[in-house]
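2 protein chains.
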Amino acid sequence: MATDALRGGIDLGGTKIQAIVADPEHQVLGQARRATPTEGGPPDVIAAMADALDEALESANLKPEALTGGIGVGAPGAIDTKAGTLARAGNLPGWRDAYPMAKELGKRFGGATVKLGNDVQVATNAEFTLGAAREFSTLLGVFWGTGVGGGIVLDGKPWLGRGAAGEIGHIPVRHHGLKCPCGRIGCMEAYAGRRAMELRARKAHDEGEKTDLFKIMEEKGRDRLTSGIWERAIERGDDLAERLIDDAVDALGRAVAAACNVLDPDAIIIGGGLGVRFGEPYARRISDAMMPHLFHDDDPPVMRVAELGDLGGALGAALLVVKA
Amino acid sequence: MATDALRGGIDLGGTKIQAIVADPEHQVLGQARRATPTEGGPPDVIAAMADALDEALESANLKPEALTGGIGVGAPGAIDTKAGTLARAGNLPGWRDAYPMAKELGKRFGGATVKLGNDVQVATNAEFTLGAAREFSTLLGVFWGTGVGGGIVLDGKPWLGRGAAGEIGHIPVRHHGLKCPCGRIGCMEAYAGRRAMELRARKAHDEGEKTDLFKIMEEKGRDRLTSGIWERAIERGDDLAERLIDDAVDALGRAVAAACNVLDPDAIIIGGGLGVRFGEPYARRISDAMMPHLFHDDDPPVMRVAELGDLGGALGAALLVVKA
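As given, the protein sequences belong to chains A and B, one line each in that order.
Following the numbering used here, the numbering of the first sequence begins with 5 at its first residue and continues without gaps.
Following the numbering used here, the numbering of the second sequence begins with 5 at its first residue and continues without gaps.
Bound-form chain A, shown alone (with noise of 0.2 Å):
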């Protein structure tokens, strides 16, 4: 491999599809973003990861066969890395069964090889490689956006367990808790997801709770709450919104606890949607509300904003087809 070979990075998300072209040096050369199809089936989703990627070397002005260092790409589900293949991705259309992504992508690209990972796992490998935790050697990455996933790095290496690891999300933190989207009783996720946190505020509304939030999202025009409209909701004082993101904050705090009361991570990264958005000031939040169970509390670990913004994932999906 010719050391200024170009890699390819696709995140794909269960709303959209990150495509860049990055440099040996990780440059963004080029970049592109798609709407997710929501119907459909793999055949679909592929395409429009390659319609992405082709619109990302396009932007740079580089052909199809250019990367010639490999493309990477990180996507939710039961990954097998060396069959390159992709199954149960629940939040993509009609994927249940095992489907061969990483042979498909790479015919749309001269044969390029292509290598899967965790969407989580390689977000939070990019902000460790090239991000806010760079000088740290164990992490524990919080991805709060639609769900709330854990990425984790021990000594410098990803660690998966058996394929599942990181499931911060759905670690139990009330005991007579609300119902989670997974259909589990008071996970972290069912009060920190903006999934959950919608219908929440959905419900609320419907019982003739005053909020801003659906007003906000005609305003925009948008069809559900995403990060921007919960924002604009806390700086209009909105007191619904004010109060399911206090209990996002306190699920949010009691999980990192729990997760970092098993692992003693040097340093945590916030991320995702929500993460990113609110920055710092809600970081201090989490951290504030993960002190009181945290119980190596005279040395807690360091903990940031993700550096790598949008483009983290995708980022980290070209780390995937690095040479070591």
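Simulated from the structure, these hints should not be mistaken for lab results.
Mixed in with the good hints, there may be bad ones.
Pairs count within a copy or across copies, as identical chains cannot be separated in the list.
[To be verified] Capping the alpha-carbon separation at 30 Å, the derived lysine-lysine pairs in DSSO-like fashion look like this:
1) K161 with K327
2) K119 with K161
3) K20 with K119
4) K86 with K161
5) K107 with K224
6) K86 with K183
Starting from the structure of chain A, add chain B where the hints point.
Quick look at chain B alone, frame taken from chain A:
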């Protein structure tokens, strides 16, 4: 080192000191147990440890100089393995500052090499190397006794974090919960630790609730509620004992689920005084309490009771001086 070198192992607990002499095949040639001093300071504790190990040697007709393979110690508190010191051992009398345990203990045994390790971690490593978890590579050890400690083995190696990993007893399990002996609110140990359970039982008893727990304690001539007393009360159908044990099992299940959602281990080993005493039926109850909160629930970790019983800690300590 001769391959037939004998090793000493000492499990230094807050209530008792267990010493063994082990041969190269990890057979226990001699053993002895002493009460941990409740007064004095480090020299008194080290004298009691040396006496226990002397007695273990005598029981095998061996001299103090026989431990040419070295001595391992599993201890609670802050251990500096390189310096051979122990500090902040809250359950040991007058043990705040770092004290050179390794050097002082070695003097009593012909200058034998002494290595220190975390008590819970060495017990976990014993189950991993010699006991119930031999065939697994990633493991959570749950030591349910006076407190509740967690030991972690990842890909065959102990995981200690920055020295305070595995503190599963202080995972928060209730939102407005009981005060834990550690001072925090709602920790798992506030429900499942034997010390905390005894405090709850005494309070309920003082407030007039009927229970046989303290009657059994008197019958047995004890001054605290040992694991055997809890077992006897449960056998008699004591309502208070049942309720407190139900709470303990629920708290254990939640915290173990939280730890598994973080680590995704192959196996969970239930040890400790209460864990070993209650055995398989309670390991199943803890598993039942864990399952509703386990994310990777289509393939849960194997749950087993520790095999090495009361000697696990000392056997694990003796493993500290096994040459690779």
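Hints and how they fare:
1. K161 with K327: Cα proximity of K161 and K327: in one copy and across copies (15 Å, 26 Å).
2. K119 with K161: both (17 Å within a copy, 28 Å between copies)
3. K20 with K119: Answer is within: at 19 Å inside a copy they meet the 30 Å cutoff, but 54 Å across does not.
4. K86 with K161: For K86 and K161, both the intra-copy (18 Å) and inter-copy (24 Å) Cα distances are at most 30 Å.
5. K107 with K224: Answer is neither; intra-copy 39 Å and inter-copy 70 Å both fail.
6. K86 with K183: Answer is neither: 36 Å inside a copy and 48 Å across each miss the 30 Å cutoff.
The structure is inconsistent with the numbered hints 5 and 6, although it conforms to all the rest.
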